[in-house]
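Peer 1: From first to last, the protein sequence lines are chains A and B. So for the first sequence, the numbering used here puts the first residue at 4; every next one is plus one. So for the second sequence, the numbering used here puts the first residue at 15; every next one is plus one.
Please note: incorrect hints may appear among the correct ones.
What the hints assert, rightly or not - Rough simulated footprint, nothing fancy, chain B against chain A, three-plus residues with beta-carbon under 8 Å:
no., region
1, 64-74
2, 109-120
As the list claims (entries may be wrong) - Partial chain A-side listing against chain B, Cβ under 7 Å, derived:
no., residue
3, I34
4, I140
5, N142
6, L145
7, F148
8, T231
9, G261
10, F264
11, S274
Said to hold, decoys possible - Think about it this way: if two alpha-carbon atoms lie no more than 35 Å apart in a straight line, the pair counts; the simulated DSBU-like pairs of lysine-lysine are:
no., chain 1, residue 1, chain 2, residue 2
12, A, K290, A, K68
13, B, K78, A, K151
14, B, K251, A, K104
15, B, K204, A, K151
16, B, K251, A, K290
17, B, K17, A, K293
18, A, K104, B, K17
Keep in mind that the hints were calculated from the coordinates and are not lab data. Think of the CB as a built atom: it goes at the ideal place given N, C-alpha and C, for glycine as much as any other residue.
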Amino acid sequence: MKEQLKIGWFEKNTKWLLLLPTIFILLALTIYPLIYSVIAMLHTVNIRTGERTFVGPGNFIRMAKDPFFWNALKNTAIYTCSAVSVEFVIGLSLAMFLTTKITGRNVFRSLILAPMMLPPIVVALIFKIIYIPDFGIINWFLALFGIKGIIWEASADTALISLILVDVWEWTPFMFLILLAGLQAIPLDPYEAAEVDGATGFQIFRDITFPMLRPAVLIALLLRIMDTLRIFDQIFIMTGGGPANATETMSIYIYRHGFRFTNIGYATAMSFIMLIITIVISNLFIKRLKIEEVF
Amino acid sequence: MLKSFFKYFFMVIITMFVFFPIVWLVSTSFKNPVDMFAVPPIFVPANPSFDHYATLFFEAGIVKYILNSVIVAVSTTLLSLVAGTLAAYSLARFRLPYRMNERLSFWVLSTRMFPPIVTIIPLFAMMRFFHLLNTRMGLVIAYTAFNLPFVVWMMRGFFMEIPEELEEAAMVDGDSRMSAFRRIILPIAKPGLVATSIFTLILSWNEFLFALILSQTRSAATLPIGVASTVTQYEIKWGEMSAAGVIAVVRVLIFAFVVQKHLVRGMSFGAIKG
Numbered sequence: 004m005k006e007q008l009k010i011g012w013f014e015k016n017t018k019w020l021l022l023l024p025t026i027f028i029l030l031a032l033t034i035y036p037l038i039y040s041v042i043a044m045l046h047t048v049n050i051r052t053g054e055r056t057f058v059g060p061g062n063f064i065r066m067a068k069d070p071f072f073w074n075a076l077k078n079t080a081i082y083t084c085s086a087v088s089v090e091f092v093i094g095l096s097l098a099m100f101l102t103t104k105i106t107g108r109n110v111f112r113s114l115i116l117a118p119m120m121l122p123p124i125v126v127a128l129i130f131k132i133i134y135i136p137d138f139g140i141i142n143w144f145l146a147l148f149g150i151k152g153i154i155w156e157a158s159a160d161t162a163l164i165s166l167i168l169v170d171v172w173e174w175t176p177f178m179f180l181i182l183l184a185g186l187q188a189i190p191l192d193p194y195e196a197a198e199v200d201g202a203t204g205f206q207i208f209r210d211i212t213f214p215m216l217r218p219a220v221l222i223a224l225l226l227r228i229m230d231t232l233r234i235f236d237q238i239f240i241m242t243g244g245g246p247a248n249a250t251e252t253m254s255i256y257i258y259r260h261g262f263r264f265t266n267i268g269y270a271t272a273m274s275f276i277m278l279i280i281t282i283v284i285s286n287l288f289i290k291r292l293k294i295e296e297v298f
Numbered sequence: 015m016l017k018s019f020f021k022y023f024f025m026v027i028i029t030m031f032v033f034f035p036i037v038w039l040v041s042t043s044f045k046n047p048v049d050m051f052a053v054p055p056i057f058v059p060a061n062p063s064f065d066h067y068a069t070l071f072f073e074a075g076i077v078k079y080i081l082n083s084v085i086v087a088v089s090t091t092l093l094s095l096v097a098g099t100l101a102a103y104s105l106a107r108f109r110l111p112y113r114m115n116e117r118l119s120f121w122v123l124s125t126r127m128f129p130p131i132v133t134i135i136p137l138f139a140m141m142r143f144f145h146l147l148n149t150r151m152g153l154v155i156a157y158t159a160f161n162l163p164f165v166v167w168m169m170r171g172f173f174m175e176i177p178e179e180l181e182e183a184a185m186v187d188g189d190s191r192m193s194a195f196r197r198i199i200l201p202i203a204k205p206g207l208v209a210t211s212i213f214t215l216i217l218s219w220n221e222f223l224f225a226l227i228l229s230q231t232r233s234a235a236t237l238p239i240g241v242a243s244t245v246t247q248y249e250i251k252w253g254e255m256s257a258a259g260v261i262a263v264v265r266v267l268i269f270a271f272v273v274q275k276h277l278v279r280g281m282s283f284g285a286i287k288g
C-alpha cells in the first residue's frame with residue numbers, strides 16, 4: 004500500500020507489536036529454562052543455598068551408572084509403547100466400526116469425551132478406589148467369575164500394568180475421535196471407484212483408507228506419545244513410583260531428585276536427556292507429516 | 015438391520031465402560047463408612063450421606079482451593095487469550111520476512127513439546143528469584159506460557175478460514191487494520207474464541223505438576239493440590255477423596271459438553287478438519 008503516505012510507526016510495525024507479548028513470554032519460559040538447564044547440568048547445585056560446584060560431565064557419568072535411571076527409562080518406554088499401541092488398536096477399530104452415519108453417533112461421540120476432560124489426578128483417585136484389593140469393585144467383579152483378587156497397583160508385579168490400563172481408559176476416546184475425524188475427511192469417490200472395480204474389503208483398507216488416514220494416524224500417535232513420555236500426575240497419586248520403583252517413570256524420578264533430594268544438577272541433566280529423546284521422537288513424526296504436507 | 019443393532023450394542027457397552035468409573039466415584043462420595051466397603055458392593059446408597067462434603071467445606075477448607083483455582087484459571091485464560099489472539103492474527107494475516115510465518119508458528123508449537131518436568135526446575139528457580147513462589151501470580155504466568163502455543167494455533171486456524179476480503183473491504187471504507195480486526199474479524203471469530211478459552215480454562219483447572227511445585231502453601235494452592243492432599247502418606251480418606259474428586263470434576267464436565275464440537279479439532283491443533 005504505497006499510496007498511503009501517512010503510515011504511522013504503529014501501523015508500520017503492527018505485525019511485530021502483535022507478536023511481541025507472545026514471543027516474550029515464550030522466550031522467557033522456554034529459552035531461559037534451556038540455558039539454565041545447560042549450566043545446571045554441568046554442576047551440582049543446592050537449590051536451597053544456591054551453592055554451585057562445577058562437575059563437568061559428572062552428572063552424565065553418574066546417570067550411566069545409576070540403575071534407577073535406567074529403570075525409569077525402561078518403565079517410561081514400556082508405559083509409552085504399551086499404552087499408545089493398545090489405545091491405537093482399540094481406537095482405530097472403533098473408528099472404522101462407527102464411520103458410517105447412524106443416529107445417535109454424535110451423542111455417543113460427546114459422551115465418551117468425558118474421561119480425557121477429567122483432571123488426571125481425579126482419574127487417579129477413581130482408579131485407586133476401583134482397585135482397592137479387599138473391597139474394590141473390580142476384584143469383587145472378578146470374584147464372580149472365580150478369579151482371585153489381584154493386588155493391582157499395590158504389588159510390584161502388576162503395578163505398571165494397572166497404570167497402563169488407567170491410561171487406556173482415559174485416552175482411548177481421544178484416539179478414536181482423531182481417527183474418526185480423519186476417516187470422515189476421506190472423500191467418497193475413491194471408494195465408489197474401488198467398488199466399481201470390484202476391490203475386496205481388505206484391498207480397500209490397504210490401498211485407500213490407510214494411506215489417506217495416515218496424517219491423522221501420525222498426529223494421533225505423536226500427541227499421545229508426547230503425553231505418555233511425560234506422564235506424571237496419575238503415577239504420582241496412585242503409586243508415587245512404587246512399589247519398589249516398579250512404576251517410576253522419567254518424570255517421577257526427575258521430580259524425586261529435583262525436589263525431594265534437591266540434586267538440581269543431576270535432575271536437570273536427566274531432564275536434558277528426556278528433552279532430547281522427546282525432540283528426536285517428535286521430529287521423526289514431524290518430518291513424515293511435512294512430507295505428507297499436513298503442516 | 016442386524017449390523018446397526020450391533021453398533022448400538024457396542025456403543026452402549028463402551029459408554030458403560032467410560033461412565034462406570036465416574037459413576038462409581040460419585041456413588042462412593044455419598045456413602046457412609048459402612049456402605050463404602052460393603053460386600054456385595056452397594057451401587058446406590060440407600061441413605062446418602064453428605065458427611066464427606068461437609069467435612070471438605072467446613073473442616074478441610076476446600077473453598078480456598080476452589081477460589082484459588084477459579085482465580086488462576088480465569089486470569090490465565092484472559093492473559094493467554096489476549097496475547098495469543100493478537101499473535102495468531104499477525105501470523106495469519108501479515109507476510110513476515112524470512113518465511114517467519116511458518117518458522118514462528120512452528121517454534122511456538124514446538125515449545126509445547128517441552129515436557130513440563132524439564133521446564134519446572136528452572137522455572138522454580140526463576141519464580142523464587144522474583145518472589146513469585148506460592149503466589150497465584152506465579153502460577154498464572156507459568157500457565158500462560160504453556161497455554162499460549164495452543165491458543166496461537168487454534169486462533170491462527172480460525173483466522174485463516176476467514177476470507178481476507180472482509181478486512182480489505184472495511185479498510186477501503188476507512189477503517190485502520192486494527193479497527194477492522196476489532197469490528198469485523200473478532201465478532202466472526204467468536205465461536206473460536208469461546209472454544210479456545212474453554213480449553214485453556216480446562217487445562218489450567220486440571221494442571222497438577224506446576225501447581226505441586228510452585229504453590230505449596232494454601233495461599234495459592236489450587237484444587238488439584240487440595241484433592242491430592244486427601245491422599246496422605248499414612249491413610250487414605252476414601253470418602254473425602256471421592257467427594258473432593260467430584261467437586262473437581264463437575265465444572266470440567268459441564269465445560270466439556272459445551273465445546274465438544276470443537277474438541278477433536280482443538281486437540282489435534284487444528285491439523286485435521288474435525
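Peer 1: The structure should be examined with respect to each hint, and the outcome stated for every one.
Peer 2: Verification of the supplied hints:
1. Counting residues of the region 64-74 of chain A whose beta-carbon sits less than 8 Å from any beta-carbon of chain B gives 0, not enough to reach three: the coverage restraint is violated.
2. For the region 109-120 of chain A, the assignment as covered by chain B holds, since 9 residues bring a beta-carbon within under 8 Å of that chain's beta-carbons and 3 suffice.
3. Interface restraint check: I34(A) against chain B, minimum CB-CB distance 9 Å, threshold 7 Å, status violated.
4. A cut of 7 Å between beta carbons decides the hint on I140(A): the least distance to chain B is about 5 Å, and the hint holds.
5. Look at N142(A): its Cβ only gets to about 10 Å from chain B, farther than 7 Å, so that hint breaks.
6. Here the hint on L145(A) is broken, as its CB sits about 13 Å from the closest CB of chain B, past 7 Å.
7. Because the beta carbon of F148(A) sits about 14 Å from the nearest beta carbon in chain B, more than 7 Å, this interface hint is broken.
8. For the restraint placing T231(A) at the interface with chain B, the shortest Cβ-Cβ distance is roughly 11 Å, beyond the 7 Å limit, so the hint is violated.
9. Among the interface hints, the one on G261(A) holds; its C-beta lies about 5 Å from the nearest C-beta in chain B, closer than the 7 Å criterion.
10. Because the smallest distance between the Cβ of F264(A) and any Cβ of chain B comes to about 13 Å, over 7 Å, the interface hint for this residue is violated.
11. Using the Cβ-Cβ criterion of 7 Å, the hint placing S274(A) at the interface with chain B is satisfied: the shortest such distance is roughly 4 Å.
12. Taken as a hint, the K290(A) and K68(A) pair is honoured in the structure, with Cα atoms around 34 Å apart against an allowance of 35 Å.
13. Restraint check for K78(B) and K151(A): the C-alpha separation of about 43 Å exceeds 35 Å, so the hint is violated.
14. Note on K251(B) and K104(A): the hinted pairing is violated, with a Cα-Cα distance of about 46 Å set against a maximum of 35 Å.
15. Of the pairs offered as hints, the one joining K204(B) and K151(A) is violated, with about 55 Å between alpha carbons and a cut-off of 35 Å exceeded.
16. Pair hint K251(B) plus K290(A) does not hold up; C-alpha atoms about 48 Å apart against a cutoff of 35 Å.
17. With a C-alpha separation of about 39 Å, the suggested pair K17(B) and K293(A) falls outside the 35 Å cut-off, and the hint is violated.
18. Only pairs whose Cα atoms come within 35 Å are accepted, and K104(A) paired with K17(B) is accepted, the gap being roughly 12 Å.
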